[in-house]
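J.: Each chain, written out:
There are 4 protein chains.
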Amino acid sequence: MTKILVTGFNPFNHEKINPAIEAVKLLPDEIAGCEIIKLQLPTSYQKSEKKLQAAVEREEPDFVLSVGQAGGRACLTPELVAINYDDCPVADNDGEKREGQAIDPEGPAAYFTQLPVKEMVKAIKAAGIPAEVSTTAGCFVCNHVMYYAQSLRKEHPGMQAGFIHIPFLPEQVVKRPNQPSMALETIVTGLTAAIAAFFPDGD
Amino acid sequence: MTKILVTGFNPFNHEKINPAIEAVKLLPDEIAGCEIIKLQLPTSYQKSEKKLQAAVEREEPDFVLSVGQAGGRACLTPELVAINYDDCPVADNDGEKREGQAIDPEGPAAYFTQLPVKEMVKAIKAAGIPAEVSTTAGCFVCNHVMYYAQSLRKEHPGMQAGFIHIPFLPEQVVKRPNQPSMALETIVTGLTAAIAAFFPDGD
Amino acid sequence: MTKILVTGFNPFNHEKINPAIEAVKLLPDEIAGCEIIKLQLPTSYQKSEKKLQAAVEREEPDFVLSVGQAGGRACLTPELVAINYDDCPVADNDGEKREGQAIDPEGPAAYFTQLPVKEMVKAIKAAGIPAEVSTTAGCFVCNHVMYYAQSLRKEHPGMQAGFIHIPFLPEQVVKRPNQPSMALETIVTGLTAAIAAFFPDGD
Amino acid sequence: MTKILVTGFNPFNHEKINPAIEAVKLLPDEIAGCEIIKLQLPTSYQKSEKKLQAAVEREEPDFVLSVGQAGGRACLTPELVAINYDDCPVADNDGEKREGQAIDPEGPAAYFTQLPVKEMVKAIKAAGIPAEVSTTAGCFVCNHVMYYAQSLRKEHPGMQAGFIHIPFLPEQVVKRPNQPSMALETIVTGLTAAIAAFFPDGD
Chain A
4 MTKILVTGFN
14 PFNHEKINPA
24 IEAVKLLPDE
34 IAGCEIIKLQ
44 LPTSYQKSEK
54 KLQAAVEREE
64 PDFVLSVGQA
74 GGRACLTPEL
84 VAINYDDCPV
94 ADNDGEKREG
104 QAIDPEGPAA
114 YFTQLPVKEM
124 VKAIKAAGIP
134 AEVSTTAGCF
144 VCNHVMYYAQ
154 SLRKEHPGMQ
164 AGFIHIPFLP
174 EQVVKRPNQP
184 SMALETIVTG
194 LTAAIAAFFP
204 DGD
Chain B
4 MTKILVTGFN
14 PFNHEKINPA
24 IEAVKLLPDE
34 IAGCEIIKLQ
44 LPTSYQKSEK
54 KLQAAVEREE
64 PDFVLSVGQA
74 GGRACLTPEL
84 VAINYDDCPV
94 ADNDGEKREG
104 QAIDPEGPAA
114 YFTQLPVKEM
124 VKAIKAAGIP
134 AEVSTTAGCF
144 VCNHVMYYAQ
154 SLRKEHPGMQ
164 AGFIHIPFLP
174 EQVVKRPNQP
184 SMALETIVTG
194 LTAAIAAFFP
204 DGD
Chain C
4 MTKILVTGFN
14 PFNHEKINPA
24 IEAVKLLPDE
34 IAGCEIIKLQ
44 LPTSYQKSEK
54 KLQAAVEREE
64 PDFVLSVGQA
74 GGRACLTPEL
84 VAINYDDCPV
94 ADNDGEKREG
104 QAIDPEGPAA
114 YFTQLPVKEM
124 VKAIKAAGIP
134 AEVSTTAGCF
144 VCNHVMYYAQ
154 SLRKEHPGMQ
164 AGFIHIPFLP
174 EQVVKRPNQP
184 SMALETIVTG
194 LTAAIAAFFP
204 DGD
Chain D
4 MTKILVTGFN
14 PFNHEKINPA
24 IEAVKLLPDE
34 IAGCEIIKLQ
44 LPTSYQKSEK
54 KLQAAVEREE
64 PDFVLSVGQA
74 GGRACLTPEL
84 VAINYDDCPV
94 ADNDGEKREG
104 QAIDPEGPAA
114 YFTQLPVKEM
124 VKAIKAAGIP
134 AEVSTTAGCF
144 VCNHVMYYAQ
154 SLRKEHPGMQ
164 AGFIHIPFLP
174 EQVVKRPNQP
184 SMALETIVTG
194 LTAAIAAFFP
204 DGD
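Chains as they are written, first to last, in the numbering used here: chain A, 4 to 206; chain B, 4 to 206; chain C, 4 to 206; chain D, 4 to 206.
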């Protein structure tokens, strides 16, 4: 049975909730005939690496889809590319701040995802939910995890990996005037459609 | 039993759906011990007047809350004030275009709502849904109906009336990049909270 | 000679600069054959009234155009209407906070401007500068002054009055990510075009 | 004398003007003691390559800064990275549409700029103009040229190259409601400050 590892981050930067892990928890255990394995990742440059690596070694998934919050975006955005660069004024959950350093000094400048981002966008839209391909996953832990998952492909070359950003939840924007949001149920439906789109012909 | 007339518009301007009437349809039949009477209004300057007037005369409601779509807004926005002015480059559903004319040449420049808009915003936010008071209902049929409902108070002075704007639904922004939206369920929950806030002490 | 009184506010809310008064200062002394009289107003509910009243009595202007900053707007916005309502979480420059009170308990709910806002927008656009009619001047000192100027027409019935909002300056958004701005020179050109549009045929 | 090649695109997609080439034309001929060589590039995947290559071979510049329009952005955005990917629903000026193909099938996934983007942002802000580092140059001819300039470093390893995106001009947003813009003079001042920031100590 095809295995899909879906990761979601825990809350960060004084938030009490992270829609990423909340949405991942609500995914069905099976999508398109594949087993969905759920993993919470800490919003930490270093610990997220360790936890992801352990899960990949343990589960040997066929696919990894990481989910993260992109506050301010109005739709679901599958990410095209991860860059070799950590840079954020906000500290991660371990208090580590990185301001302009390579994720892997020996690694390539970027990795493209193996996931079919255009098909994912089409499938999400077909479910009545707004989506578009994004060409930047930022420079914080989201991009870091997306880049790191790619680097694991050296040891797991058959594995396909990628990332999708999701908006704030409505409750998160109660104190953020004019910020777009998306209901958790809508996000879950969109993620499910995106995952089903990994398999163009349903195989 | 206190009667609350809640109106929602039908689709306009080439849309297939209007979240306003869809949300109104899903409201419970009773909120805070009050009877909820639902009314669909045509997106028409003239016909909306006739239909609203007939319903007010028939039902003699204690409250009128009209609901309309404000594409581009990210939260629920109870309206403070309606102005005596019709002006929109888009024709209404009868093909009537109005470009800068008074709704009632004998009427006041504006009417303030009798509804407790600040309390409504607080109640919606307490339900985990973003909201803010709006000081403009625009110049199309939404503002027109809000103004007209006020003018009916001459004959129905005990009636309190007002308006709330709601965002696009997710399915409506699939073809509108970067536009915020809100799930129908979220809107319904927010409207229910707003209506319950008409009664500060639950009476 | 036709007299046009143009007012601009001084800085408020911890800003060091207010584009309104800066732009007013840079207006020519004559536009379309009319004398331009410039007046700085304090961002104060009470003092702005007194200073505006004194200037109107002293100058007996044919027109009053008040200029204010609307942070977050991307274009010049002539205002259609002022409402009888003060409400802002920010205190004015005298430390006075007003949260939902009438400007004039005896006054009408709103006043429409006498200025030709649609022609002003057309003229600004013809000068290559973005503009649109606004239907809300907010509930802070800008709307207050716009409303108060209208109330002065009881004593000065021939006077026409109105308001135009302008964006932040570039230097003001250096610390406000993603906020639109407009160069001072652009604003001045736009205001000049707007004022010239008071006279459809140049008379 | 240090040579800086600054490129700007000609108009595309039915626009009559491109702020990029207009701003480049207005740059001084010398900045921070360096010679500024100006080059217009066609908005064409293929022709921009040829013209840029010819200029680099002819001039042997120490720096290349390419300037492009990013409609919708509110500030100047030096670009961190170019990706190996052409993808845009809009055709270039030769009518060529590219939908998801590598710029160089043998090339790396991305190139980071050699330009000091953080220092450029600081210098632009110090000039009173909003700026921020961008992590995506898109997938159209802008990103293409940024990527291609990097590939020329194989033959010109001492050359440093990069890209900066600029907003619409005010005249371009007259028909685009709610879009931010920036005056040409402001853009020119910002570009000049950005170029001066190539040299941390003014040398």
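Be aware that one or more of the hints could be misleading.
The list cannot tell twin chains apart, which means a pair is met if one copy fits it or any two copies do.
[Said to hold, decoys possible] Cut-off 20 Å, straight-line C-alpha distance, at most; resulting in silico cross-link-like pairs (EDC-like, lysine to aspartate or glutamate): (1) 178 / 122; (2) 121 / 32; (3) 53 / 63; (4) 19 / 63.
Derived by calculation from the structure, the hints in this document are not laboratory data.
J.: None of the hints should be skipped; say for each whether it holds.
T.: Hints, one by one, checked against the model:
1. 178 / 122: between (35 Å within a copy, 16 Å between copies)
2. 121 / 32: The answer is neither: 24 Å in one copy and 43 Å across copies each exceed 20 Å.
3. 53 / 63: within (15 Å within a copy, 46 Å between copies)
4. 19 / 63: neither (32 Å within a copy, 46 Å between copies)
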